[in-house]
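Trainee: The primary structure of each chain is shown beneath.
Number of protein chains: 2
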Amino acid sequence: MALYVQKFGGTSVGTIERIQAVAKKIKSYRDEGHDVVAVVSAMSGETNRLLSLSSEISSDPSPRELDVLVSTGEQVTIALVSMALQELGCEAKSYTGDQIKILTDSAHTKARIKDIDVNNIQEDLKKGRIVVVAGFQGVDAQGNTTTLGRGGSDTSAVAVAAALKADECQIYTDVDGVYTTDPRVVEKAKKLDQITFEEMLEMASLGSKVLQIRSVEFAGKYHVPLRVLSSFVEGDGTLITFEGDQKMEQPVISGIAFNRDEAKLTLVGVPDIPGAASRILGPVSAANIEVDMIVQNVAEDKTTDFTFTVHRNDYKRVIQVLESVAEDLGAQTVTGDNSIAKVSIVGVGMRSHAGVASKMFDCLAAENINILMISTSEIKISVVIEEKYLELAVRALHTAFDLDAADIAAE
Amino acid sequence: MALYVQKFGGTSVGTIERIQAVAKKIKSYRDEGHDVVAVVSAMSGETNRLLSLSSEISSDPSPRELDVLVSTGEQVTIALVSMALQELGCEAKSYTGDQIKILTDSAHTKARIKDIDVNNIQEDLKKGRIVVVAGFQGVDAQGNTTTLGRGGSDTSAVAVAAALKADECQIYTDVDGVYTTDPRVVEKAKKLDQITFEEMLEMASLGSKVLQIRSVEFAGKYHVPLRVLSSFVEGDGTLITFEGDQKMEQPVISGIAFNRDEAKLTLVGVPDIPGAASRILGPVSAANIEVDMIVQNVAEDKTTDFTFTVHRNDYKRVIQVLESVAEDLGAQTVTGDNSIAKVSIVGVGMRSHAGVASKMFDCLAAENINILMISTSEIKISVVIEEKYLELAVRALHTAFDLDAADIAAE
Numbered sequence: 001m002a003l004y005v006q007k008f009g010g011t012s013v014g015t016i017e018r019i020q021a022v023a024k025k026i027k028s029y030r031d032e033g034h035d036v037v038a039v040v041s042a043m044s045g046e047t048n049r050l051l052s053l054s055s056e057i058s059s060d061p062s063p064r065e066l067d068v069l070v071s072t073g074e075q076v077t078i079a080l081v082s083m084a085l086q087e088l089g090c091e092a093k094s095y096t097g098d099q100i101k102i103l104t105d106s107a108h109t110k111a112r113i114k115d116i117d118v119n120n121i122q123e124d125l126k127k128g129r130i131v132v133v134a135g136f137q138g139v140d141a142q143g144n145t146t147t148l149g150r151g152g153s154d155t156s157a158v159a160v161a162a163a164l165k166a167d168e169c170q171i172y173t174d175v176d177g178v179y180t181t182d183p184r185v186v187e188k189a190k191k192l193d194q195i196t197f198e199e200m201l202e203m204a205s206l207g208s209k210v211l212q213i214r215s216v217e218f219a220g221k222y223h224v225p226l227r228v229l230s231s232f233v234e235g236d237g238t239l240i241t242f243e244g245d246q247k248m249e250q251p252v253i254s255g256i257a258f259n260r261d262e263a264k265l266t267l268v269g270v271p272d273i274p275g276a277a278s279r280i281l282g283p284v285s286a287a288n289i290e291v292d293m294i295v296q297n298v299a300e301d302k303t304t305d306f307t308f309t310v311h312r313n314d315y316k317r318v319i320q321v322l323e324s325v326a327e328d329l330g331a332q333t334v335t336g337d338n339s340i341a342k343v344s345i346v347g348v349g350m351r352s353h354a355g356v357a358s359k360m361f362d363c364l365a366a367e368n369i370n371i372l373m374i375s376t377s378e379i380k381i382s383v384v385i386e387e388k389y390l391e392l393a394v395r396a397l398h399t400a401f402d403l404d405a406a407d408i409a410a411e
Numbered sequence: 001m002a003l004y005v006q007k008f009g010g011t012s013v014g015t016i017e018r019i020q021a022v023a024k025k026i027k028s029y030r031d032e033g034h035d036v037v038a039v040v041s042a043m044s045g046e047t048n049r050l051l052s053l054s055s056e057i058s059s060d061p062s063p064r065e066l067d068v069l070v071s072t073g074e075q076v077t078i079a080l081v082s083m084a085l086q087e088l089g090c091e092a093k094s095y096t097g098d099q100i101k102i103l104t105d106s107a108h109t110k111a112r113i114k115d116i117d118v119n120n121i122q123e124d125l126k127k128g129r130i131v132v133v134a135g136f137q138g139v140d141a142q143g144n145t146t147t148l149g150r151g152g153s154d155t156s157a158v159a160v161a162a163a164l165k166a167d168e169c170q171i172y173t174d175v176d177g178v179y180t181t182d183p184r185v186v187e188k189a190k191k192l193d194q195i196t197f198e199e200m201l202e203m204a205s206l207g208s209k210v211l212q213i214r215s216v217e218f219a220g221k222y223h224v225p226l227r228v229l230s231s232f233v234e235g236d237g238t239l240i241t242f243e244g245d246q247k248m249e250q251p252v253i254s255g256i257a258f259n260r261d262e263a264k265l266t267l268v269g270v271p272d273i274p275g276a277a278s279r280i281l282g283p284v285s286a287a288n289i290e291v292d293m294i295v296q297n298v299a300e301d302k303t304t305d306f307t308f309t310v311h312r313n314d315y316k317r318v319i320q321v322l323e324s325v326a327e328d329l330g331a332q333t334v335t336g337d338n339s340i341a342k343v344s345i346v347g348v349g350m351r352s353h354a355g356v357a358s359k360m361f362d363c364l365a366a367e368n369i370n371i372l373m374i375s376t377s378e379i380k381i382s383v384v385i386e387e388k389y390l391e392l393a394v395r396a397l398h399t400a401f402d403l404d405a406a407d408i409a410a411e
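Chains as they are written, first to last, in UniProt numbering: chain A, 1 to 411; chain B, 1 to 411.
Note that these hints are calculated values from the structure, not bench results. Don't be surprised by glycine CBs; every beta carbon is placed ideally from N, CA and C. It is possible that part of the hints are untrue.
Among the chain A residues that face chain B by a calculated CB cut under 7 Å, a handful are [as the list claims (entries may be wrong)]:
1) SER55
2) GLU65
3) THR72
4) ALA84
5) GLU91
6) SER94
7) GLN99
8) ALA286
9) ILE289
A few chain B positions that, by computed beta-carbon distances, are all more than 12 Å from chain A [said to hold, decoys possible]:
10) LEU50
11) VAL139
12) PRO251
13) ALA354
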């Protein structure tokens with residue numbers, strides 16, 4: 001008999017029929033003798049409806065009042081889900097973030113959870129009740145309602161699971177798991193039965209939007225087993241595991257992530273003097289532009305080329321910043337390219353397997369795809385290529401690293 | 001510099017434009033140096049929208065979860081009103097019933113207020129803030145959200161005003177005050193500048209739906225000066241006063257109330273034995289039928305006639321009950337009439353003025369209106385007449401007791 005925390009997002013509770021389906025799913029776990037705590041989001045569309053009311057009044061509403069407003073969305077859902085469970089004959093009880101209580105800091109609209117009091121939940125579970133908790137919201141030390149920002153319901157669920165030492169935190173969403181890559185790009189993309197936290201973090205930060213990155217970090221930190229699964233189709237989804245808990249035969253590469261949202265900038269002929277990097281990136285950061293990849297070669301001669309990527313929306317602004325930096329530093333020129341894409345292979349297996357990088361580069365070379373930038377981390381290799389080659393690169397790598405579904409299905 | 005508690009109902013905050021108008025009205029008091037606490041209802045239609053969501057799930061939803069659900073309606077309004085005030089440059093802060101806190105008993109959907117903690121409000125007022133409180137809702141000792149039942153926002157406002165010892169509790173509604181009688185029946189009906197609590201209670205219980213009777217009782221009990229005024233048109237409305245505070249020259253009669261919702265039943269030839277009344281009304285009450293007026297004459301002979309009125313909706317059921325009572329008691333027969341109306345004159349002045357009753361009866365007799373039942377209280381005389389004479393009776397009495405607006409305007 002296990003304790004499950006089950007999180008249902010906005011589309012999963014978007015209509016009365018879906019709320020009733022969610023109640024049935026929860027009940028099926030309860031019927032097997034498990035304890036269940038459900039964490040729910042606002043019905044899809046509701047948060048936007050509330051925000052549009054506030055935007056009619058003010059273009060810059062008070063964050064405190066914004067939290068009071070939007071937190072009603074989840075409150076409506078907890079009541080309706082509890083009623084639907086009761087209608088199925090289950091004992092159920094709802095809690096707002098304040099009632100639990102989920103203590104946060106006072107950073108309205110983007111609060112961080114500091115502590116969760118699980119006494120109420122535990123008492124209800126002991127009495128055989130299903131507990132239904134409002135995601136996304138909490139309360140600060142002064143009793144003000146706070147919210148955790150978009151996607152905060154995932155974080156709520158993980159935090160509740162951590163505080164309760166739940167056996168598993170299940171995130172129900174509209175996809176049935178984590179895939180080796182985007183199935184819209186690679187037909188043979190395969191659902192993973194499991195993936196490690198580190199891999200999931202790399203995949204999430206690279207644009208696989210299945211889970212909020214913050215909730216994955218949180219789950220990793222508190223060692224909460226996380227499972228992504230679909231509200232709409234049956235299946236075991238994808239379990240996000242800790243490295244030690246993994247199957248013996250882990251593939252070298254778990255997945256291929258990609259991102260079309262970047263642009264590449266190069267400052268050519270930067271004098272090789274101490275502090276040059278910070279004199280370049282300081283003004284960029286001061287302009288509130290976030291930098292992703294950074295590459296600088298060892299200087300030959302007395303100058304070097306300094307290259308980095310930013311979000312494509314910042315492309316024009318960053319060029320303006322760099323032009324004055326170039327003048328200041330005495331660099332030769334600024335070049336840029338906003339039709340690039342980033343492709344990354346992710347996998348904890350590459351730690352112990354030599355030759356992963358060269359296999360990747362060979363594969364791309366075989367397709368005549370030129371690599372513009374390379375950046376590596378312990379479990380990820382990212383390359384920047386011309387955007388037009390993106391789909392080709394992802395498909396070729398997917399096959400090269402044995403990720404295609406056909407191979408797996410033959411097992 | 002006074003402290004005002006201002007209550008705005010659902011139609012007063014029914015749209016963003018109206019919320020902005022409410023904010024302007026509040027600000028106009030603040031600009032004059034007054035402190036203001038606003039108590040607000042859900043936007044009109046919102047409570048029904050929420051109830052219809054719950055009714056899709058359950059025909060008999062848990063009262064606890066129903067309170068969690070519908071209390072979001074006022075929570076949305078407090079946030080929007082606070083934002084609208086801030087947009088006008090006012091400092092404003094919202095509170096839910098829980099945050100205040102408004103402590104109630106645990107009778108979900110019809111809770112009663114037990115205590116209000118005014119520390120938070122007082123601190124905010126000291127800082128020059130306008131405080132915006134969610135009406136209709138509270139919290140029980142266990143931290144569960146409760147609601148006070150329909151019309152509960154008036155009660156919230158009065159209770160907050162009492163706890164704060166406010167100078168005045170202003171109830172903004174869609175009428176501009178309390179009238180001598182229904183202006184739809186008597187064109188010359190006149191808005192009253194003031195009316196006593198006792199009179200208001202009699203008027204309210206007789207169907208003048210300006211204020212919830214419970215909030216009037218509450219205001220009377222805690223000696224909170226209450227004013228009814230319009231959100232939409234300027235004016236001083238009607239002040240509900242305590243008898244001692246009144247003007248010297250109070251009219252004998254303040255208003256004429258009426259009610260078409262009743263039916264009259266008579267048990268003819270009831271044996272004059274002890275306990276007969278309870279043997280009649282016991283079964284009626286057991287059938288959950290509420291009785292309004294009761295008249296029994298002193299028995300001549302050995303039998304008496306026992307007459308009472310009930311809501312017209314209960315007419316058929318009460319006849320069935322009475323037929324078996326008649327058999328049981330050995331009464332002769334049951335008669336009934338569901339095309340009657342009740343007309344009442346109300347006024348604290350009648351205490352010190354003889355002849356009010358005879359003036360009323362003379363007036364009706366002069367119009368050939370037959371009186372079917374009479375019932376009196378200290379500040380009210382009610383008669384039951386045939387329904388078809390209702391408008392005529394109300395107009396005649398309105399003139400007879402010098403209530404017509406033309407007379408007043410000439411003062």
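Trainee: Next, verify each hint and record whether it holds.
Mentor: Checked hints:
no., hint, in the structure
1, SER55, "10 Å, violated"
2, GLU65, "4 Å, holds"
3, THR72, "4 Å, holds"
4, ALA84, "5 Å, holds"
5, GLU91, "10 Å, violated"
6, SER94, "5 Å, holds"
7, GLN99, "6 Å, holds"
8, ALA286, "30 Å, violated"
9, ILE289, "31 Å, violated"
10, LEU50, "7 Å, violated"
11, VAL139, "9 Å, violated"
12, PRO251, "45 Å, holds"
13, ALA354, "58 Å, holds"
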